[in-house]
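Undergrad: Given these sequences and hints, build the entire structure.
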Amino acid sequence: NAGVTQTPKFRVLKTGQSMTLLCAQDMNHEYMYWYRQDPGMGLRLIHYSVGEGTTAKGEVPDGYNVSRLKKQNFLLGLESAAPSQTSVYFCASSYSPGLRNTEAFFGQGTRLTVV
Amino acid sequence: DAKTTQPPSMDCAEGRAANLPCNHSTISGNEYVYWYRQIHSQGPQYIIHGLKNNETNEMASLIITEDRKSSTLILPHATLRDTAVYYCIVRTGTASKLTFGTGTRLQVTL
Chain A
2 NAGVTQTPKF
12 RVLKTGQSMT
22 LLCAQDMNHE
32 YMYWYRQDPG
42 MGLRLIHYSV
52 GEGTTAKGEV
62 PDGYNVSRLK
72 KQNFLLGLES
82 AAPSQTSVYF
92 CASSYSPGLR
102 NTEAFFGQGT
112 RLTVV
Chain B
-10 DAKTTQPPSM
0 DCAEGRAANL
10 PCNHSTISGN
20 EYVYWYRQIH
30 SQGPQYIIHG
40 LKNNETNEMA
50 SLIITEDRKS
60 STLILPHATL
70 RDTAVYYCIV
80 RTGTASKLTF
90 GTGTRLQVTL
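Chains A and B, in that order, give the protein sequences.
Take the first sequence: its letters are residues 2 to 116, numbered as in this note's numbering.
Take the second sequence: its letters are residues -10 to 99, numbered as in this note's numbering.
Some hints here could point you the wrong way.
[Unchecked claim] So the derived list for chain B, only partly shown, Cβ under 8 Å to chain A, looks like this:
#1 P(-3)
#2 R5
#3 S30
#4 Q31
#5 G32
#6 Y35
#7 H38
#8 S85
#9 L87
#10 T91
These are calculated hints, taken from the structure and not from any lab test.
Where a beta carbon is used, it is the ideal one built from N, C-alpha and C, also for glycine.
TA: If you want it as structure tokens, here you go:
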């Protein structure tokens, strides 16, 4: 049982390049989330998904796209990376919110630097 | 969304209890209080959650006031490994989004 796995763990991009971050969970969770964390700050929600084939915007969605084609995977895409997107990205998953008292499990993060 | 307020930092001697306060005065009746912690730059780790009753697990205790406007996370015997940023979060909305503030940086010292 691996929990939540993020790929890659580190990446350096040049401005304007594109990339996709992969989040995989093996807990059969309905809900998945992408957060970013900038130095000295808390996590901010980028996008989230309430189930396979559905996505929604969070607090800071601009510059990112997401897809949830399979229940276990949640992809975060940067179409044209900018230095402002330099951050640590965390993925999380949880059971459906009808069970509001369920915990969310987090991956170990992807450290992205855009130069 | 309910907001939370936490002190930016706290110190605690190793072996002593660490009591971390959180104010959530706008919490709704069906919203849960969650606590997570983040050690260094690792992914946040779930600690405990509660609705209105006090809760205890192997990691910590959670004390929620009767009016639910505030809560306290208690680490009964803090160790150096408990040094982390602790986030108090009210879980809200139909998507059960976790909204993080800046948390409390707990420093456990010898």
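Undergrad: Give a verdict on every hint.
TA: Evaluation of the provided hints:
Look at P(-3)(B): its Cβ only gets to about 10 Å from chain A, farther than 8 Å, so that hint breaks. Here the hint on R5(B) is broken, as its CB sits about 26 Å from the closest CB of chain A, past 8 Å. Taken as an interface hint, S30(B) checks out: its beta carbon lies about 6 Å from the nearest beta carbon of chain A, inside 8 Å. Annotation: Q31(B) was flagged as interfacial toward chain A, and the flag holds, the nearest CB pair being 6 Å apart, inside 8 Å.
Proximity of G32(B) to chain A holds as hinted, the smallest CB-CB distance being about 3 Å (cut-off 8 Å). The interface hint given for Y35(B) holds, since its Cβ lies 4 Å from the closest Cβ of chain A, which is under the 8 Å cut-off. A least Cβ separation of about 6 Å between H38(B) and chain A falls short of the 8 Å threshold, and the interface hint therefore holds. At a threshold of 8 Å, the smallest CB-CB gap from S85(B) to chain A is about 3 Å, leaving the interface hint in force.
For L87(B), the interface hint holds, the least distance from its beta-carbon to any beta-carbon of chain A being 6 Å, beneath 8 Å. Because the smallest distance between the Cβ of T91(B) and any Cβ of chain A comes to about 5 Å, under 8 Å, the interface hint for this residue holds.
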